[in-house]
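**Q** Next come the chains, spelled out residue by residue.
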Amino acid sequence: MSRSLKNSLTLLLKIAVTLLVSSPFYIAIIYSVKSKPEMVANRLAFPKVIHWDNFTRAIETSNFGLALKNSLVTTVVSVVIITLICTMASYIIARKNNWFYNGIYYLFIGAMIIPFQSIMTPLYIDMTKWKLLNTLHGFIMAKVGFQIAFTVLLVSGFVKSIPKELEESANIDGAGLYSTFFRIVFPLMKPIVMTSIILNSLNVWNDFQMSLTLLQQKAVRNIPLTQYFFFGENSIELGLAFALFILSIIPILMLYLMLQKYIIGGITSGAVKG
Amino acid sequence: MNQKTKKRLQEFTFVLPALIIFAIFVVYPFLQGFPISFTKWDGMSPVKKYVGFSNYIRIFQDTNVLNAIKNTLIFTAVTMVFSNIFGLIFALMISKKSKINNILRTCIFVPYCLSLVLSSYIWRYVYSDVFFDVFGIPSPLGSTVWVMFGLSVISIWRDTGYCMVVYIAAIQGVSKDYYEAAELEGATPWQKFKAITFPMIAPAVTANFTLLLAWGMKVFDYPMAATAGGPGRASETVAMLIYNNLFTYFKAGYGQAIAVVFTLAIFAVSTLVSKNLRAREVEI
Chain A
1 MSRSLKNSLT LLLKIAVTLL VSSPFYIAII YSVKSKPEMV ANRLAFPKVI HWDNFTRAIE
61 TSNFGLALKN SLVTTVVSVV IITLICTMAS YIIARKNNWF YNGIYYLFIG AMIIPFQSIM
121 TPLYIDMTKW KLLNTLHGFI MAKVGFQIAF TVLLVSGFVK SIPKELEESA NIDGAGLYST
181 FFRIVFPLMK PIVMTSIILN SLNVWNDFQM SLTLLQQKAV RNIPLTQYFF FGENSIELGL
241 AFALFILSII PILMLYLMLQ KYIIGGITSG AVKG
Chain B
1 MNQKTKKRLQ EFTFVLPALI IFAIFVVYPF LQGFPISFTK WDGMSPVKKY VGFSNYIRIF
61 QDTNVLNAIK NTLIFTAVTM VFSNIFGLIF ALMISKKSKI NNILRTCIFV PYCLSLVLSS
121 YIWRYVYSDV FFDVFGIPSP LGSTVWVMFG LSVISIWRDT GYCMVVYIAA IQGVSKDYYE
181 AAELEGATPW QKFKAITFPM IAPAVTANFT LLLAWGMKVF DYPMAATAGG PGRASETVAM
241 LIYNNLFTYF KAGYGQAIAV VFTLAIFAVS TLVSKNLRAR EVEI
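Sequences listed follow chains A and B, in order. For reference, each letter of the first sequence is one residue, going 1 to 274 in UniProt numbering. For reference, each letter of the second sequence is one residue, going 1 to 284 in UniProt numbering.
Treat the hints with caution; some may be incorrect.
Cβ-Cβ distance ranges computed for the label pairs, FRET-style [said to hold, decoys possible]: (1) B:Thr188 <-> A:Ser169: 45 to 53 angstroms; (2) B:Lys192 <-> A:Asn97: 33 to 41 angstroms; (3) A:Ser169 <-> B:Asn102: 32 to 40 angstroms; (4) A:Lys190 <-> B:Leu73: 39 to 47 angstroms; (5) B:Asn101 <-> A:Lys190: 22 to 30 angstroms; (6) B:Arg233 <-> A:Lys129: 30 to 38 angstroms; (7) A:Leu12 <-> B:Arg233: 31 to 39 angstroms.
Partial chain A-side listing against chain B, Cβ under 10 angstroms, derived [what the hints assert, rightly or not]: (8) Arg43; (9) Val80; (10) Ile81; (11) Ile82; (12) Ile92; (13) Trp205; (14) Gln209; (15) Thr213; (16) Gly266.
FYI, nobody ran anything at the bench for these hints, they're computed from the structure. The structure presented is a predicted model; accordingly, all values stated were derived computationally and were not measured. Backbone N, C-alpha and C fix where the C-beta goes; we use that ideal spot for every residue, glycine too.
Model the full structure from these sequences, guided by the hints.
**A** If you want it as structure tokens, here you go:
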């Protein structure tokens with residue numbers, strides 16, 4: 001077989017596989033713009049008329065604005081906190097290789113195994129007691145706590161790959177620990193910071209189980225909860241449900257597309273080596 | 001205060017915020033879980049009745065627990081193996097840097113951006129409107145035998161992209177010199193994969209298997225959204241069982257005992273698997 005034929009066959013195969021993986025999205029997109037009668041007549045066919053009405057009605061009936069606001073607030077705030085406190089902690093843990101900081105490191109890593117279920121009941125009780133149940137800030141703090149282990153593991157692996165020389169010369173120039181970290185080390189962490197932003201944003205944005213436990217009132221429902229309850233109430237009006245689904249993917253997809261060029265570099269140096 | 005102590009304290013302030021939040025929201029509730037597991041308690045009333053080990057003894061006689069363990073293990077094994085196999089195959093296909101490969105990579109990763117709830121809903125309709133209406137294959141989600149496999153497919157679809165990205169990162173880190181040397185010796189692609197790529201990416205294999213194992217054992221969202229644990233209790237997982245004990249059956253004490261045993265089991269299995277995989281890394 002000639003080389004060019006082989007190459008084009010491989011390319012064709014690659015595209016076919018990717019299309020197969022992407023095919024479920026066809027359903028989501030088609031259903032979101034189909035009117036009810038067309039849905040009954042022929043579900044999988046391409047819609048004759050694009051029925052945008054599904055989107056406007058879904059936004060109104062599901063209270064999408066509120067869910068979007070709750071999801072944005074919880075995701076942005078918790079990811080900022082996670083990024084800040086975990087890069088700082090990982091920096092010291094990776095640089096001070098002594099028994100004390102190693103102990104803290106193993107405490108974090110060990111906790112990665114803890115399933116949410118094993119702290120669910122006590123956390124639920126505590127949050128009620130502390131008046132943090134059904135509040136966004138309560139959810140944010142619990143979510144941050146739960147993402148610390150993973151993020152420290154990811155980031156500290158990366159810190160080890162940053163050469164120490166720059167910090168040492170800053171030290172000689174008399175720069176303090178904080179200014180060394182924020183002016184020199186933190187900018188060098190860019191690839192891992194971007195990776196941790198993507199992975200943590202996905203995790204918080206898509207969280208269902210902790211949300212279901214800690215956000216039980218309508219006023220604090222985030223997007224996954226809205227999806228869950230709206231679908232339960234609208235399984236007959238599929239068009240509405242899928243319009244809501246499409247809307248809810250857009251923000252997180254935009255974030256991913258913006259930051260995706262960092263993700264492979266970040267994972268190489270963080271997750272795999274660490 | 002002398003200079004050295006001051007510097008040490010300053011260093012400690014770097015880990016302090018993470019440590020405080022972690023202690024309050026993870027360690028403290030985790031420790032509180034142990035006393036709760038020795039009580040009979042509905043989760044609300046102020047009185048907890050101490051019952052010793054009876055919750056723990058009950059776990060081993062409860063067929064619902066056994067059923068949930070079986071379901072969870074099927075899901076874990078299937079998703080762990082296939083997400084990794086597909087992730088690795090895709091990675092090998094599109095690891096080279098090129099414009100078209102970048103686009104394909106993005107497309108394959110996109111399912112990972114969806115919430116598990118949303119993935120479950122989309123696949124409910126893939127199963128009912130495509131599998132059944134077009135091909136006549138009944139939805140696995142309606143079958144007590146196949147439901148866990150049906151849920152596994154959803155998870156594999158979503159997580160393959162993540163596994164792929166980790167493998168691509170690892171493959172791109174392998175030095176080209178090895179491949180050039182192998183080509184001089186006239187090695188076939190399969191030989192190159194077996195002798196160079198696979199051993200060199202062993203740490204990524206360990207990372208992915210351990211992660212997928214942990215995700216699998218904790219699975220909650222897929223059965224909750226796609227089947228609500230049904231048909232009957234055919235897709236109730238351990239995580240769901242614990243959730244139901246608190247919020248549906250009001251048996252918080254018993255649920256907590258299951259959670260404690262569950263945590264120990266996850267700890268044991270993860271340690272065992274990652275030890276085995278790491279030992280293999282050294283062997284090669």
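**Q** Now look at each hint and say whether the structure bears it out.
**A** Verification of the hints:
1. B:Thr188 <-> A:Ser169: 45 to 53 angstroms: holds (50 angstroms)
2. B:Lys192 <-> A:Asn97: 33 to 41 angstroms: holds (37 angstroms)
3. A:Ser169 <-> B:Asn102: 32 to 40 angstroms: holds (38 angstroms)
4. A:Lys190 <-> B:Leu73: 39 to 47 angstroms: Holds: the Cβ-Cβ distance is about 41 angstroms, inside 39 to 47 angstroms.
5. B:Asn101 <-> A:Lys190: 22 to 30 angstroms: holds (24 angstroms)
6. B:Arg233 <-> A:Lys129: 30 to 38 angstroms: Given range 30 to 38 angstroms: holds, Cβ gap about 33 angstroms.
7. A:Leu12 <-> B:Arg233: 31 to 39 angstroms: violated (45 angstroms)
8. Arg43: holds (5 angstroms)
9. Val80: violated (12 angstroms)
10. Ile81: holds (8 angstroms)
11. Ile82: holds (9 angstroms)
12. Ile92: holds (4 angstroms)
13. Trp205: Holds - the Cβ of A:Trp205 comes within 10 angstroms of chain B, reaching about 7 angstroms at its closest.
14. Gln209: holds (5 angstroms)
15. Thr213: holds (8 angstroms)
16. Gly266: holds (8 angstroms)
Of the hints listed earlier, those the structure fails to meet are numbers 7, 9, in rising order.
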